[in-house]
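K.L.:
Start from chain H and add chain C according to the hints.
Residue numbers (full-length UniProt numbering), protein chains in the order written: chain H, 1 to 272; chain C, 1 to 316.
Treat each hint with caution, since some may be false.
Unchecked claim - Partner residues aside, some chain C positions facing chain H, computed with beta carbon under 7 Å: (1) R79; (2) Y85; (3) E108; (4) L109; (5) I212.
None of these hints come from the bench; they were simulated from the model. Just so it is clear, CB atoms sit at the ideal spot from N, CA and C, and this is done for glycine as well.
Listed here are the chains, written in short residue letters.
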Amino acid sequence: MSLKAELSKTAMLAYRDVLKLLRDRPRLVISLVFPVMFMLVFGVTLDSSLTGLAGSSFGALPDGFFLNYVFSGILAQSIFQTSFSGIVSLVSDREEDFSMSIFVAPISRFSIVLGKIIGESLVAFIQVFGIIVFGYLLGITIPLDRVLLVLPFGILFAITGGCLGLLVASRIEGKESAQRTFPLLILPLTFLSGAFTPVKDLPFLLNIVKSLNPMYYAVDLSRSIIFANEPSLVRDFTINNGFGYNLIVLIVLGISFLLIGTFLFTRKEGNR
Amino acid sequence: MTPAIKAVDLVKRYKKANFNAVDKINLEVNTGEVYGFLGPNGAGKSTAINMFVTSLFPTEGYVQILGVDTKEDPTEIRRMIGVVYQKPSLDEKLTAEENLRSHAVLYELTSWSPTYKSTSEEYRARVEKILAIVGLKGRMHDIVKTFSGGMKRRLDIAKALLHTPQVLFLDEPTTGIDPQNRREIWGYLTDLQKEEGFTIFLTTQYLEEAEICDRISIINQGKILVTDTPDNLKKMVGDELLYISPVNGKEDELKSELINLSIRYQTDNVGKFIINLENHKAQKVISQIKTELDEISIKRPTLDDVFIKLTGEKIK
Numbered sequence: 001m002s003l004k005a006e007l008s009k010t011a012m013l014a015y016r017d018v019l020k021l022l023r024d025r026p027r028l029v030i031s032l033v034f035p036v037m038f039m040l041v042f043g044v045t046l047d048s049s050l051t052g053l054a055g056s057s058f059g060a061l062p063d064g065f066f067l068n069y070v071f072s073g074i075l076a077q078s079i080f081q082t083s084f085s086g087i088v089s090l091v092s093d094r095e096e097d098f099s100m101s102i103f104v105a106p107i108s109r110f111s112i113v114l115g116k117i118i119g120e121s122l123v124a125f126i127q128v129f130g131i132i133v134f135g136y137l138l139g140i141t142i143p144l145d146r147v148l149l150v151l152p153f154g155i156l157f158a159i160t161g162g163c164l165g166l167l168v169a170s171r172i173e174g175k176e177s178a179q180r181t182f183p184l185l186i187l188p189l190t191f192l193s194g195a196f197t198p199v200k201d202l203p204f205l206l207n208i209v210k211s212l213n214p215m216y217y218a219v220d221l222s223r224s225i226i227f228a229n230e231p232s233l234v235r236d237f238t239i240n241n242g243f244g245y246n247l248i249v250l251i252v253l254g255i256s257f258l259l260i261g262t263f264l265f266t267r268k269e270g271n272r
Numbered sequence: 001m002t003p004a005i006k007a008v009d010l011v012k013r014y015k016k017a018n019f020n021a022v023d024k025i026n027l028e029v030n031t032g033e034v035y036g037f038l039g040p041n042g043a044g045k046s047t048a049i050n051m052f053v054t055s056l057f058p059t060e061g062y063v064q065i066l067g068v069d070t071k072e073d074p075t076e077i078r079r080m081i082g083v084v085y086q087k088p089s090l091d092e093k094l095t096a097e098e099n100l101r102s103h104a105v106l107y108e109l110t111s112w113s114p115t116y117k118s119t120s121e122e123y124r125a126r127v128e129k130i131l132a133i134v135g136l137k138g139r140m141h142d143i144v145k146t147f148s149g150g151m152k153r154r155l156d157i158a159k160a161l162l163h164t165p166q167v168l169f170l171d172e173p174t175t176g177i178d179p180q181n182r183r184e185i186w187g188y189l190t191d192l193q194k195e196e197g198f199t200i201f202l203t204t205q206y207l208e209e210a211e212i213c214d215r216i217s218i219i220n221q222g223k224i225l226v227t228d229t230p231d232n233l234k235k236m237v238g239d240e241l242l243y244i245s246p247v248n249g250k251e252d253e254l255k256s257e258l259i260n261l262s263i264r265y266q267t268d269n270v271g272k273f274i275i276n277l278e279n280h281k282a283q284k285v286i287s288q289i290k291t292e293l294d295e296i297s298i299k300r301p302t303l304d305d306v307f308i309k310l311t312g313e314k315i316k
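Looking at chain H on its own, in the form it has when it is part of the complex (with noise of 0.2 Å):
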């Protein structure tokens, strides 16, 4: 089989990802129903709670501060977790609709796997830009320039967030057992992602677990970019890893979870 029209089944499935939700006004809206409700909750309400506490180290934060604070952390969650249930429900939707014949088809395995990241990964870019758009709605005040500097590291957390996913669907048989586990997994993931209230200082399993979400490095990196040039009070209070080190261990669990996604699913296809 030759590459060349391996690259296109490729890009013909990444391209049927997008066009699908193109076409799918409702799932449009509803895809910037969350991370907007999640802006709202915690942005605006620990605004006007937490940053006027007198005397607390909350007092000393920027007013709007928690708005910008989350509106960070979702950025990156949300291209995160569009990518890794994508590729969840690919696999656990095997027995159902379009995913069958794709599964009979002449296409190697890698490149259905890839296709659907890279589609998944447009399609999560799509709704990022809406999330851009309703941040500064709802009155975030990180300049531009910054927010768009995150969006290039954006291919990684969702190529990081297909990767687990994949390797969390090569352990999952079909798709009542995917719709038990994906909340199982997705809610602790993104609650201890810090990608709406702060993990620095957790309790020792807590921390474990943190330490091997790789949402939480994803959601690290993005504010590491984004309040790069704030006060050292800001920085010390949203960036836990620097750049570097959360660049690298997202590249090394992203490489580990495709091997071992790739290796696991090849292997039990057929042999269910």
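P.N.:
Chain C in isolation, oriented as in the chain H frame:
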């Protein structure tokens, strides 16, 4: 000639299951044949077809499609086959043509392209031909979501045939489709099969659908109970019978007429005359009888009768 499908001592036991979903199946399907698995839900039909189309690997035994082992070179097999599943495998948000285009890219009929116009000529010719056959040419650029169940099914079949496969697998293809649409679909399929000569393997719970097969295997609890032509199978449970009854008072007239024609008959408890059609043509018998009749009917044994005879239960 290499058989289209060959299965030898084929066994599938799912992980954590304590029985074999497919239990030592042996079969050979000739090229160009229409071959069916008939059996109730849970008989192992879908498991078997999934092993044939390389979605599942056998626990024991092996399958060859056109001489290629499914475990050794699944990609080569995938190129040569088309698969139609019980539920249409279509993207509802895309147009009919966009669905076909995705499929065509996977089978290398055309490179990926965002518009129909920039696709290969080979692809466009094939799309127009196949959509014309299934009666969807006018709906080519419509979103699939707006299609009826029967139209989706037809598009799904067009998709599976787009890359001119040598073996077409259909897993309960007309479940949930009304009888008229079902007949139409089989009309398209058999027409195209005559032209392109592909082999058809199907699974079904419908007896009338099984009757279009050249050969049928009746399958239950993972085992093939019997394999034969539909006609031979029906003969297992008896012959076609002609029922006639004369108008009141003409019974003796009919009796002597039948004796003169040396047609053997029996009468049932309500006075109907029963003629076994094994050695007679119904048409000929009727045309020879002068006695006025007020009822004529033919009772054909059905595959249901065969299934009941073999298993003691009805299908479904």
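K.L.:
If a hint holds in the structure, say so; if it does not, say that too.
P.N.:
The hints, checked one at a time:
Hint status for C/R79 relative to chain H: holds, with the closest Cβ pair at about 5 Å, below 7 Å. Residue-level restraint check for C/Y85 holds (minimum Cβ-Cβ distance to chain H is 6 Å; threshold 7 Å). The beta carbon of C/E108 comes within 5 Å of a beta carbon in chain H, closer than 7 Å, and the hint placing it at the interface holds. This hint is violated: C/L109 has a C-beta 11 Å from the nearest C-beta of chain H, more than the 7 Å allowed.
At its closest, the beta carbon of C/I212 sits 24 Å from a beta carbon of chain H; the interface hint therefore is violated under the 7 Å criterion.
Of the numbered hints listed earlier, those contradicted by the structure are 4 and 5.
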